[in-house]
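Q: Sequences listed follow chains A and B, in order.
Under the working numbering, the first residue of the first sequence carries the number 1, and numbering increases by one thereafter.
Under the working numbering, the first residue of the second sequence carries the number 215, and numbering increases by one thereafter.
Treat the hints as calculated values from the structure; they're not laboratory data.
Beta carbons are placed, not taken as given, at the ideal position from N, Cα and C, and that holds for glycine.
Keep in mind that a hint or two might mislead.
What the hints assert, rightly or not - Rough simulated footprint, nothing fancy, chain B against chain A, three-plus residues with beta-carbon under 8 Å:
| # | region |
| --- | --- |
| 1 | 112 to 121 |
| 2 | 132 to 142 |
| 3 | 151 to 165 |
Stated by the list, open to error - Taking lysine-lysine pairs in the BS3-like style, the calculated list, with each CA pair at most 30 Å apart, reads:
| # | chain 1 | residue 1 | chain 2 | residue 2 |
| --- | --- | --- | --- | --- |
| 4 | B | Lys238 | A | Lys111 |
| 5 | A | Lys90 | A | Lys50 |
| 6 | B | Lys268 | A | Lys56 |
| 7 | B | Lys395 | A | Lys109 |
| 8 | B | Lys268 | A | Lys78 |
| 9 | A | Lys143 | A | Lys121 |
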Amino acid sequence: MAPEAFMINDKDYSIISCSPENLITKTKNIISTKPIAGTLKKSKKLNKSKALSFFKKNIKETKEHNMIVDMERSDLSKICEVGSVRIIKKKIVEEYKDLYHYVSLIAGKLKKNTSTLEIIKAMMPGGSVIGCPKISTLNLLNKQEKENRNIYTGSFGYLKFNGDMRFNIIIRSILNYQNQSEISVASGVVIDSNASHEFNENYIKAKALIDLYK
Amino acid sequence: MIYIIDHKDSFTHNVVHQFSRFDKVECDNFNDINETKLKKSNVLVFSPGPGAPKDYPLTSRIYKKYKGKKKIIGICLGFQQILYCEKGKIIEQNKIYHGFQSKIKTTNKSLLFKKDQKFTVGRYHSLKLKEPFIAKNFEITMRCAISNVAMAIENNNEKIYGFQFHPESFLTENGNLLIKKILSA
Chain A
1 MAPEAFMIND KDYSIISCSP ENLITKTKNI ISTKPIAGTL KKSKKLNKSK ALSFFKKNIK
61 ETKEHNMIVD MERSDLSKIC EVGSVRIIKK KIVEEYKDLY HYVSLIAGKL KKNTSTLEII
121 KAMMPGGSVI GCPKISTLNL LNKQEKENRN IYTGSFGYLK FNGDMRFNII IRSILNYQNQ
181 SEISVASGVV IDSNASHEFN ENYIKAKALI DLYK
Chain B
215 MIYIIDHKDS FTHNVVHQFS RFDKVECDNF NDINETKLKK SNVLVFSPGP GAPKDYPLTS
275 RIYKKYKGKK KIIGICLGFQ QILYCEKGKI IEQNKIYHGF QSKIKTTNKS LLFKKDQKFT
335 VGRYHSLKLK EPFIAKNFEI TMRCAISNVA MAIENNNEKI YGFQFHPESF LTENGNLLIK
395 KILSA
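Extracted from the complex, chain B is given alone in its bound form (with noise of 0.2 Å):
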């Protein structure tokens, strides 16, 4: 079972049909907590949100409650949350992608997918991961075609990944491709 950990945000349910495709979902409010099933699920999904990180202590006391013992993904501000969890810096970029549709590309760190690949993704957000960000067992593997910026993650270890931008929005190409290859990782 798939345990998605909403932050009261307005795509929650796009995320919540789209992993439905692989396995049986629950969603629950960040702050509403089903503990039966958080223990139940084989992986938890931190959803999009408004705010930054640091508006959800207890996000990340799941996170780190949970880390290694369950596959854990995290978008846009689920991505974040992962990243500030572990020492990541999250900052304000200086432009804001809001609805905005643009090219990422991966790098030569992913496992899972085929390096220098260019697709379309849609993007809604206003913070990034300040770099340098080092972290045990974490790779950046998809990066901004244009400014750079860390488009996902992969812990091939532990079973932790993160995208910055939303696989579930119709402006990305092959969503439901990249959910499928991580959730089969």
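If we strip away everything but chain A, and leave its shape as in the complex, we get (with noise of 0.2 Å):
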């Protein structure tokens, strides 16, 4: 269900997500990101194909999709052979247990030699949990959050021995931790967000990993 789903258990700490969004695929010298931005809830009404329209129609979620798109062009770029950066997959919807998302896949085909490091300050941290552009909006996050992010939006994966890797970004995760387990959910905020709207979509977001523990 969740492509980018992972557990740690460690005798002090365990993590549990429900991931899906991929940050980071290489493989060889392809180099792959699937950002997610735009999110709706399920119901009776709706199919994949209705979700898609509402997507399509939503001007707020496609602007938010389109910046996202274009950031990740350029953090892929800073890595990439000129002109290798492509969209695969432009504004698709997939379909999760309680809710659909607008999805993008864009790939580049890795400059030589680029180093593992390289790729991982060039992709992290990932656009879709940061906004945009990144260096300011981190900057007025780190002003604006009062509480540490601590694992939540952080990324997860492994790294090969040839190079190849595979990074996720920690969302819809539960950390547990001194007998206590911490959910954390966020929704972007653009310029026409609508606040309620906005706090709603935490709920559901958070829905899969709160009903657990019903």
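Combine both chains into one complex, guided by the hints.
A: Rendered as structure tokens:
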């Protein structure tokens, strides 16, 4: 269901994440990222194609998604060969247990001799959890967010000896630590966001996790 | 060589890739400019970026120093930076366009593009040029098809060009062609 799900079970803490979002997939010299921007709660009246038409007609979701796509293209362009960065899947809908997501897949051909560190520096933190332009929004977020995000919106993944890697964005996650469970959710705010809509979106995102405690 | 002055934007590398189709490109942060590259370049590009032109006095200084000596191209904030240096007023617009796709049209002032052509572009801006704007040799050559806001300038005498929209965005039709024409002008 969640293609980027993972679990860590340590003696002091555990993390379980049903992340749907891939930040980096690198196989040989091909690198891709699959940002999510746009969420819609499932209902009986909706199906995948109706969800797609909702996203297409929704100017706010479209603008937010466009911004993320251009930003991820630019991040990939830092480390990819000129002219190789392409949008492989442009604004498609993916279906999950409780919601639909608006997703794009962008890929490029890595420049020769690009190091692992260069890849990580170019791509992290993921644009969809930071905003745009990254440096400027990071500075604003540092002033605005009073609590540490902890593991939330970080990345979990693996790095192989041959340099291939796969990293997700840690969302839809539970951090268990010192007999407490921490669930973080958030939504992207743009100029024409509606405060109550964004606030409610967080409940949709958290629902599958909160249901586990019922 | 094309020297791109980056205003710490998250789209700059799209600009780098777009210009790299046509020539060798170097790119540095506006506050870390390499004088050798600056002198060696034939074309200067002012990148998009957050904030307003008044926030980038270093870029304004470069513009004033190289105006008429090198081809200068501005994109989004870079476009506003040029206008600001030419005593244009950059003001907030009522509607904020971020990730917005809209139609623009070419005016009859353009020497490079056929007049009355309409095409789709990607826009990311909350500021705009206040008009009337009058500066020697400058013409407004593209406008928003709906609001008439200035979308491009040409100064073919001193080879200064600018776009308020983003030619490098996936939302812009024929962005590469626009850059190709400007570079060969």
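Q: Out of the numbered hints, which ones does the structure contradict?
A: Numbers 1, 3 and 6 - these are the hints that the structure violates, sorted from lowest upward.
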